[in-house]
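Engineer: In case you want the letters, here they are:
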Amino acid sequence: MTPQTAQVGDTLPPVTFGPITRTTLALYAGASGDHNPIHIDTDFAAKAGLDDVFAHGMLSMAQLGRLATDWAGIDRLRGLSSRFTAITPVGATVTCEGRIAERLEKEGEPLLRVVLTATIDDGTQTLRGEALISAA
Amino acid sequence: MGIFDRSSEGYESPPIEITVERGAVAFFAETIGETNPIHSDVDAARAAGHPDVMAPATYPVVLDMAAAKAGARKGIAPLLERINADMRVLLHGTETYDYHGPIFAGETVEIISRVKGFTDAKGGALEIAHLEMEVRHPDRGTLSVARRDLIHRLGGGK
Numbered sequence: 001m002t003p004q005t006a007q008v009g010d011t012l013p014p015v016t017f018g019p020i021t022r023t024t025l026a027l028y029a030g031a032s033g034d035h036n037p038i039h040i041d042t043d044f045a046a047k048a049g050l051d052d053v054f055a056h057g058m059l060s061m062a063q064l065g066r067l068a069t070d071w072a073g074i075d076r077l078r079g080l081s082s083r084f085t086a087i088t089p090v091g092a093t094v095t096c097e098g099r100i101a102e103r104l105e106k107e108g109e110p111l112l113r114v115v116l117t118a119t120i121d122d123g124t125q126t127l128r129g130e131a132l133i134s135a136a
Numbered sequence: 001m002g003i004f005d006r007s008s009e010g011y012e013s014p015p016i017e018i019t020v021e022r023g024a025v026a027f028f029a030e031t032i033g034e035t036n037p038i039h040s041d042v043d044a045a046r047a048a049g050h051p052d053v054m055a056p057a058t059y060p061v062v063l064d065m066a067a068a069k070a071g072a073r074k075g076i077a078p079l080l081e082r083i084n085a086d087m088r089v090l091l092h093g094t095e096t097y098d099y100h101g102p103i104f105a106g107e108t109v110e111i112i113s114r115v116k117g118f119t120d121a122k123g124g125a126l127e128i129a130h131l132e133m134e135v136r137h138p139d140r141g142t143l144s145v146a147r148r149d150l151i152h153r154l155g156g157g158k
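Sequence lines, in order, name chains A and B. Per this note's numbering, the very first residue in the first sequence carries number 1; after that it's consecutive. Per this note's numbering, the very first residue in the second sequence carries number 1; after that it's consecutive.
Bound conformation, chain A alone (with noise of 0.2 Å):
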């Protein structure tokens, strides 16, 4: 299957990542450069009252633009949103699964819009997203 002859309903080949370790996080923060303590300390988890720190919601974003462009390459990649559904905590592995929702047309491109969830082990959708992709 490819963006030319994707139908709706088809799925694109899932991506996994993880386990997310407190290694993970400390090597995202640093790629990133989003400091926020919340994913990194653990003593400042505790004064905001939470028992620990939680993976960066960003972290699992990249896994859904992994799970867009090794199917349709980036070149092909008009578009990527997601909505944070919930936290994904430490040790979770996270699974991208993505559907064929839609063909349209804008500005004369023909677009595939592709519907992306990110799961964790324990059944809790963490994301929700899109892609737009040209299906020229």
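Simulated from the structure, these hints should not be mistaken for lab results. We treat Cβ as the ideally placed atom computed from N, Cα and C, and that holds for glycine. Accuracy of the hints is not assured; some may be wrong.
Just a few of them, taken from the derived set where beta-carbon distance is under 7 Å, the chain A residues facing chain B [said to hold, decoys possible]:
#: 1; residue: Phe54
#: 2; residue: Gly57
#: 3; residue: Ala62
#: 4; residue: Leu77
#: 5; residue: Gly79
#: 6; residue: Arg83
#: 7; residue: Thr85
Once you've looked at the hints, dock chain B against the given chain A.
Structural biologist: Below, chain B alone, put in the same frame as chain A:
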């Protein structure tokens, strides 16, 4: 009452120049588990017809963070400070990217940040800041626009 400084609505930062660095792109790509070598290996990128390694899809967030820090060094308060974000109760609600062109290592781009506005939700238990970040290339124009909702959990309201 909310925590966000709502008088920041309508703010637009001056363009802040950021040079996209090859090592930084590769480090980010490897950290997120990206396996396509066009994002981490310059030879693979060139073999695919690109001038240098290409930024992965969510890399605009990295440029945004870099711009916030570069701006702060020049005395330009970062967006998170301008809106008075409180990290203890801050949640990332949504993130949206529109892509208009690829971003390559070696390029110097401009980052412009905007405070679009604020809304309240769940009877005042949540307040939401709507932000926008544009990545602009001096010759190729707008490369990407990111829109972001940040949420304060206020705990009150009910």
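Engineer: Could you run down the list of hints and mark each one as holding or not?
Structural biologist: Verification of the supplied hints:
Interface hint status for phenylalanine 54 of chain A: violated, as the beta-carbon distance to the closest one in chain B is roughly 10 Å, over 7 Å. Given hint, glycine 57 of chain A at the interface with chain B, holds; its Cβ is 4 Å from that chain's nearest Cβ, closer than 7 Å. Of the supplied interface hints, the one on alanine 62 of chain A holds, with its beta-carbon coming within about 4 Å of a beta-carbon of chain B, less than 7 Å. At its closest, the beta carbon of leucine 77 of chain A sits 6 Å from a beta carbon of chain B; the interface hint therefore holds under the 7 Å criterion.
Annotation: interface hint on glycine 79 of chain A holds; nearest CB of chain B at approximately 5 Å, less than 7 Å. The interface hint given for arginine 83 of chain A is met, as the beta carbon of that residue sits about 5 Å from the closest beta carbon of chain B, less than 7 Å. Residue-level restraint check for threonine 85 of chain A is violated (minimum Cβ-Cβ distance to chain B is 10 Å; threshold 7 Å).
In summary, the numbered hints that this structure violates are 1 and 7.
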